[in-house]
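Spelled out, the chains give:
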Amino acid sequence: MDHSSSAPVDYLHADRGIRSWIFTLDHKRIGVMYLVGIAASLVLGGLFALAIRTHLAIPALTHGTTPAASVPAVGEPAAVAAPEAAAVQADAAAGLAAEGQAPTAASTLQETPPRYLLTPRQYNRVFTLHGAIMIFLVIIPGIPAALGNFVLPLMLGAKDVAFPRLNLASFHLWVIGAVFFLAVLFTGGLDTGWTFYTPYSTTTDTRVVTAALGAFILGFSSIFTGINFIATVHMLRARGMSWFKMPLFVWSLYATAVIQVLATPVLGITLLLVAAERIFGLGIFDPKLGGDPVLFQHFFWFYSHPAVYIMILPGMGVVSESISTFSRKHIFGYRFIAFSSVAIALLGFLVWGHHMFTSGQSRLAGMIFSALTFSVSIPSAIKVFNWLATMYKGSISLQTPMCYALAFLFLFGIGGLTGLFLGALSTDVHLHDTYFVVAHFHYVMFGGTLVAFLGGLHYWWPKMTGKMFDETLGRLGALAIFLGLNLTFFPQFVLGSRGMPRRYFDYSLLLDRHPEFAGLNVLSTAGAFLTGLGFVIVVICLAHSLWRGRPAPANPWGAATLEWQTSSPPPKENFLRPPVLSESYDPYYLDDLEYDDKTGAYAGVPLGLA
Amino acid sequence: MNDLTALAPHGVSAQSEQGHHPHPDYVAHHFDSAEQQFDAGKLGVWVFLVTEILFFSGLFCAYAVYRGNHPEVFVYAHHFLDKNLGALNTAVLIFSSLTMALAVRAAQLEQRRALIAFLLVTLLCAFVFLGVKYVEYRQKWEHGLLWAGRYHATGQESNHGPEAASADRGAAVAAGPRAGETTPAVPPELPPEATASEDAPRLVGVFFSIYFAMTGLHALHVIGGIGAVTWILARAVRGDFNRFYFGPVDYVGLYWHLVDLVWIFLFPLLYLIH
Ligand code: HEM
Ligand SMILES: [Cu+2]
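From first to last, the protein sequence lines are chains W and L.
Using our numbering, the first residue of the first sequence is number 1, and each one after it goes up by one.
Using our numbering, the first residue of the second sequence is number 1, and each one after it goes up by one.
Only chain W is shown next, with the shape it has when bound in the complex (with noise of 0.2 Å):
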């Protein structure tokens, strides 16, 4: 890595030695810092989900050598209308299922069992921890941790965030909840679902405690962030800089952090009283000691809606920006797009009902859940027409980020709409824990979420590395992964709908009654595959433009956004002069950037900037 620029010493060669890392106080190398955890955590998580997509292809590529054909299926999947009796737990009686009568059943019925990837019992813990790392671990901190914890300062025009220390604590937890993580692991493991459902968590002999106080202290480092964000957003904007000349990547940010700090404690206090409940008997949740089950499910989605949308909310923010730079054009409805973002992070309080209709939650309280979900989807669109506004007579440049800007577009509209299906009441009490749901939230939180983090990623990768990526393998790795994801998830919504229960080690026994689901899962199977040859060629574009990329200008993409009005990678205190903004400056207004052929970078400065 060759540094050849005049400029002052950037952040990266400030200072030297490992400790100058673990223990910085820099925001910059904080969010490297949580890139790299975050990334290795999704490779984990990956080969977790590549395992799970391996095992679910095997019955289907071995029926019919089988005689078990001849058999009739011995019913339908019981989850598929959750009757009210066993709806109180319908994760856990699908996890029994996987874990003691599908794989009983399978070996009377048929001759010759296939020989399947995994054992019941490691198909459990494998499809929970792929869970459990992908939320805790990567989604969830994902885009306001690893890239936010970048930018923010940046796009404020500020030093750092307002709590350095507590931003470094912040990212220690996130590494002891990891170590949680791995502990579990290695320890025995866990198959509850991501969910910690009770009874079955206080009752199953894998590692519920260490998982829990595992998201625990995960939980604790998002609230610290929230908190940090929070008070960034208030107390360090630039001069000049009113809230409404905030970029929007800012605004879903500080939306977020409201959400992360109103609904992670809840989270908190569940999963210490699961604990408590293994540890001492405790009996809040435990029905054999006059504990409510249902109860912990409240609880756990009072937090976990909401988290959707910590989830969703900065993908959202990074989607702005994309859409307005490249389409050279000012955003579409600012106010609008900033406002529908708190409006989303006050209205996901009200809707956490919807996941339990199953649960034997009343009737009046289920239609009032199902309509006041239905109220979230409005905000949403509001977002997703301005950013189609926003595009209409652009001149769309195809850069890479703007690739994952386009594909979010498409997959979050999917995963948005199929949203519908399952907020209605009635259609959810036939889909709820099928396939369809899986898809659904793969659609949202991998096609939205982690597609949204891979286009953020690349945006501000110049920013961050200093460093141009190459745009034919960005491009080619974007459209791997927007057809892998497709073809994964797409089968599972027809899979889903007609019956295919989620969270089943083995369906063989459904392919006498559905022939076709056969073929979806292989398809589902073959575009996972396809979706992790995306992530390879990702790394290998992002490695490449470490080793060989062309160094990058202060301002690649033409943004008027705070962030490129500095040096790329920015020196430690980020400006060499803090930003003094004018009246008349506007984040989305591009025209005074006028693109330079010699230099490949945009040239000028944004109206309005001293």
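Bear in mind the hints are in silico, worked out from the structure with no lab data behind them.
No residue lacks a Cβ here, since even glycine has one placed at the ideal position from N, Cα and C.
No incorrect hints appear here.
Which residues of chain L face chain W? A partial, calculated answer using Cβ under 7 Å:
id, residue
1, T51
2, G58
3, W147
4, A148
5, S209
So the derived label-pair ranges between C-beta atoms look like this:
id, chain 1, residue 1, chain 2, residue 2, range
6, L, L254, W, L182, 33 to 41 Å
7, W, P287, L, F95, 39 to 47 Å
8, L, P268, W, S20, 47 to 55 Å
9, W, A40, L, F95, 46 to 54 Å
10, L, Y134, W, L182, 31 to 39 Å
11, W, I378, L, D25, 47 to 55 Å
12, W, I18, L, V65, 48 to 56 Å
13, W, T187, L, C61, 30 to 38 Å
14, W, G600, L, L254, 47 to 55 Å
15, L, A91, W, G188, 43 to 51 Å
16, W, A381, L, Y134, 52 to 60 Å
17, L, L220, W, R115, 45 to 53 Å
Once you have looked at the hints, place chain L with the ligands on chain W.
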């Protein structure tokens, strides 16, 4: 804190444009002025307190659900709690909030000795609170009045108040007046075996699950508060604080008041049920 700007020797330098204006060493490099730093810290602490309230809210919610579902359990079981000790602890905590507030004032006025003295009294109160809590927990432990998983009320040790116990018959529905309730001079007692085993409503342990979860979590916060006050005390002894820099005292004070406030809700909800 507008007066700060006027007073602070460097507060005004926030207006200067260069990033390198002189900073007193108690102002972190990324803040322009002591005032900005103080306000940021205060905002951060308030937001943190919001998270604390939500943290407890889960338990308050559980309380509401169980009390709504099993009112008889709560009315019956709360007689086992010692109102006098609870009231004593309430007084101790309220007093400690006063001394904490005085400590903050002393810090603002640069009265170092007063600051140290008030912090010491606050600490003392915290320890008294935990001591009383310990006595209460030990009594419960001895009588087997534990959370649902360990609940095994024996009543064996009960050696007083049979008449109160007879009044307790039917307490499940009517919560009849008890000797212990109207005349606090009589120490709150355990109903004798007969009451405990025959008239006790089902699931009494659930009350103690809630009781131990709530007071236990609160006690953990008191312990955390002891740590924080000690830290402030050490810094006060070292002479870190002055008229322009007393934020940490203020922040710890706010936290301490919240811990106090939570108890003020816990006391009537657990000890004074009708
Ligand atoms: C228009 C917006 C959305 C609607 C209407 C919606 C609706 C729903 C509903 C009703 C369920 C419950 C399905 C069931 O259990 O049967 C569900 C599940 C889920 N959703 Fe969404 N959702 C939306 C957006 C999101 C977003 C943005 C994310 C994440 C970024 C997300 C992540 C999830 C997850 C993880 C689950 C599965 C929970 C589980 O059962 O383990 N959703 N969604
Ligand atoms: Cu939800």
